[in-house]
Every structure is written in C-alpha cells, then in structure tokens.
Amino acid sequence: METAQSRKQAAPGAFHAFARFVLCGGGVGIASSFAVAALGSWIPWVLANALVSVVSTLLATELHARFTFGAGGRATWRQHVQSAGSAGAAYVVTCVAMFVLRQVVAEPGAVLEQVVYLSASALAGVARFAVLRLVVFARDRSRPAAATGTARTSRDARPVRHAAMADAAAPIGPAVYCRAA
2 METAQSRKQA APGAFHAFAR FVLCGGGVGI ASSFAVAALG SWIPWVLANA
52 LVSVVSTLLA TELHARFTFG AGGRATWRQH VQSAGSAGAA YVVTCVAMFV
102 LRQVVAEPGA VLEQVVYLSA SALAGVARFA VLRLVVFARD RSRPAAATGT
152 ARTSRDARPV RHAAMADAAA PIGPAVYCRA A
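Be aware that the sequence shown starts at 2, since it is given in the numbering used here, and climbs by one per residue.
There's no promise every hint is true.
Okay, the calculated beta carbon distance ranges per label pair [what the hints assert, rightly or not]:
1) Ala20 / Gly73: 14 to 24 Å
2) Leu60 / Val105: 28 to 38 Å
3) Val106 / Val55: 24 to 34 Å
4) Arg79 / Ala51: 18 to 28 Å
5) Leu135 / Ile44: 28 to 38 Å
Calculated directly from the structure, the hints in this document are not laboratory data.
Just so you know, even glycine gets a beta-carbon here, dropped at the ideal spot from N, CA and C.
Whole structure, please, built from the sequences with the hints as guidance.
Dropping the structure here:
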C-alpha cells in the first residue's frame, strides 16, 4: 500500500528535487567539463563538447528519471528527446560563452576556461531544471485524468496508475475511475 511518505519520495518537492538535480546533474557536469577539456586537446573543442554533451545528457536523463524527479524507473524515449532539447540549448549557451571568452582573451588558461564553462553550465542548468521539472518529468499535472487514462482520488490530485493502487488508496477518499474510450 502506498503511503504519504512513499509518495513524497516518489515525487520530491521543488527544494529536494533541485538538491538532487544539483547532485546528479552537477556531478555529471563537472565530470563532463574535465572530459571536454581532455578531448578538446585532441579534437576541436566544439566537437569535444558535442560528444561529451550527448553522453552526459543520456546519463543525466537516466539519473534524473530514477532519482531526481522520482519518475519511478528508466527514462522514456519521449523524456530523452525532450531532455536532449534542453541539453541542446545548454550546449549553445556553453559554446557562446567559450566563443566570447576566446574573443576577449587571446589565450585563456585552463582555469579560466573551466570557470567560464562551469559558470555557463550552471546558468543553463538552472533553466534546464525548470524545463525538466515542469515539462519533461511533470506528472501529467496539466492534463485531465481522462486524457491520461489514470484514476484520481477526490482528496489526492496525484494520478494513480493502476486500479489495484486506486483500491489501496480507497481509505484516503473515494476513488473516481476514468477510463479511456
């Protein structure tokens, strides 16, 4: 039976989700910055950033699905595609930041490059958190129950995914079943 405590763990509040996002995404981001710097010494920086961005986005999306936003398992293809869109925007931000740095400073050192790259990544990360939380891993908050094919209880607006779970939630309030035609 699902309790209020397990629902909180499955759908963390904004503060807890952001802390998890920083831990997962920040960890992947820091590792990525070192990978970009290492690859950038062998291949063009833009290509290194693109390759690392693809790998880190796949990894981060899985971590966010399983841990950050409590989606309850692996990320779906839709979530990967949407996450890739927000990562693409972050990629543009980091590229523009590095381009501007190289226009302002003829030969920036590795420390300055890291500071600029991580600062641009942090700025893009905050925007990305909002997109992931409100769009990619949103729990069908904006769609009516009939459109999602899930049941809702009158006291709890969270979707109940299976009839067995709805029956388990019955002591909380009467269940209203919505069936897709």
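Now the hints, each set against the structure:
1. Ala20 / Gly73: 14 to 24 Å: holds (19 Å)
2. Leu60 / Val105: 28 to 38 Å: Since the Cβ atoms of Leu60 and Val105 sit about 32 Å apart, the hinted range of 28 to 38 Å holds.
3. Val106 / Val55: 24 to 34 Å: holds (28 Å)
4. Arg79 / Ala51: 18 to 28 Å: holds (22 Å)
5. Leu135 / Ile44: 28 to 38 Å: Once the Cβ atoms are compared, 35 Å apart, the range 28 to 38 Å for Ile44 and Leu135 holds.
Violated hints for the displayed structure: none, as all numbered hints are satisfied.
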